[in-house]
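UniProt numbering numbers the first residue of the sequence shown as 1 and each following residue consecutively.
Some hints could be false.
Here are the in silico distance ranges between beta carbons for each label pair [to be verified]:
{"id": "1", "residue 1": "E141", "residue 2": "K2", "range": "18 to 24 Å"}
{"id": "2", "residue 1": "E166", "residue 2": "E63", "range": "43 to 49 Å"}
{"id": "3", "residue 1": "L131", "residue 2": "K2", "range": "25 to 31 Å"}
{"id": "4", "residue 1": "K55", "residue 2": "P160", "range": "39 to 45 Å"}
{"id": "5", "residue 1": "N126", "residue 2": "M159", "range": "16 to 22 Å"}
{"id": "6", "residue 1": "D64", "residue 2": "N36", "range": "15 to 21 Å"}
{"id": "7", "residue 1": "G47", "residue 2": "E166", "range": "33 to 39 Å"}
{"id": "8", "residue 1": "K30", "residue 2": "Q163", "range": "23 to 29 Å"}
{"id": "9", "residue 1": "V148", "residue 2": "E63", "range": "30 to 36 Å"}
{"id": "10", "residue 1": "S89", "residue 2": "I143", "range": "15 to 21 Å"}
{"id": "11", "residue 1": "K55", "residue 2": "E162", "range": "40 to 46 Å"}
Derived SDA-like pairs (lysine to any residue); straight-line CA-CA distance at most 20 Å [unchecked claim]:
{"id": "12", "residue 1": "K110", "residue 2": "C60"}
{"id": "13", "residue 1": "K112", "residue 2": "E146"}
{"id": "14", "residue 1": "K95", "residue 2": "S57"}
{"id": "15", "residue 1": "K30", "residue 2": "K169"}
{"id": "16", "residue 1": "K113", "residue 2": "E146"}
{"id": "17", "residue 1": "K25", "residue 2": "V148"}
{"id": "18", "residue 1": "K169", "residue 2": "S31"}
{"id": "19", "residue 1": "K2", "residue 2": "E75"}
Derived from the structure by calculation, the hints contain no laboratory data. Since the structure is predicted, the reported quantities are computational estimates derived from the model, not experimental observations. C-beta: ideal position from N, C-alpha, C; glycine also.
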Amino acid sequence: MKVAAFLGSPRKNGNTARLLKEFLKGVSEKSGATINQVYLQENRILGCTGCGYCKTSTGCKLEDDMQNIYPILKEADVLVFATPIYWWSMSSQLKALIDRFYALEISEIKGKKIYLLMTYGDPLPNSGPELVERTFRDICEYIEWELVKVYGACTDNYMPVEQNAEALKEVYEIGRSI
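Please model the entire structure based on the sequences and the hints provided.
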């Protein structure tokens with residue numbers, strides 16, 4: 001099994017990264033899967049221009065790091081998206097990645113299992129996590145993906161995920177369940 005994990009946080013060692021790390025630890029200890037982790041902040045992903053090139057030709061004409069990411073998306077059996085919630089939405093890094101899915105044929109990427117991990121500071125559910133989950137449900141329905149699990153860890157009162165033993169245990173177990 002091939003797992004591709006996309007870290008949408010601009011902080012490589014922040015709350016979202018820590019949550020993803022624990023999830024992937026669970027995956028690797030249980031399943032022995034091949035894991036490919038992509039730190040989106042370190043990749044140059046241009047915004048989709050809506051030029052339509054991908055609808056009349058093969059692939060995307062934008063020359064950036066998506067050319068390396070497309071094969072990862074196509075080859076993985078499981079996709080893990082990890083994002084902090086910023087202003088009622090996913091991070092701009094993750095949104096840029098998702099916008100560029102437009103260049104792919106659905107037949108190239110359908111049938112995958114999806115895990116969505118989120119961190120957020122506001123404990124109110126309508127502060128962003130619900131909106132991001134709804135977005136992912138719509139994406140999954142359109143692309144014919146199975147949204148297996150959505151997990152969110154609240155970091156209100158500036159409690160880092162690192163100090164939230166319950167969240168770390170839960171996300172580890174979710175990883176083991178793959």
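**Prompt:** Which hint numbers does the structure go against, in order from smallest to largest?
**Reply:** When the structure is compared with the hints, only number 14 turns out to be violated.
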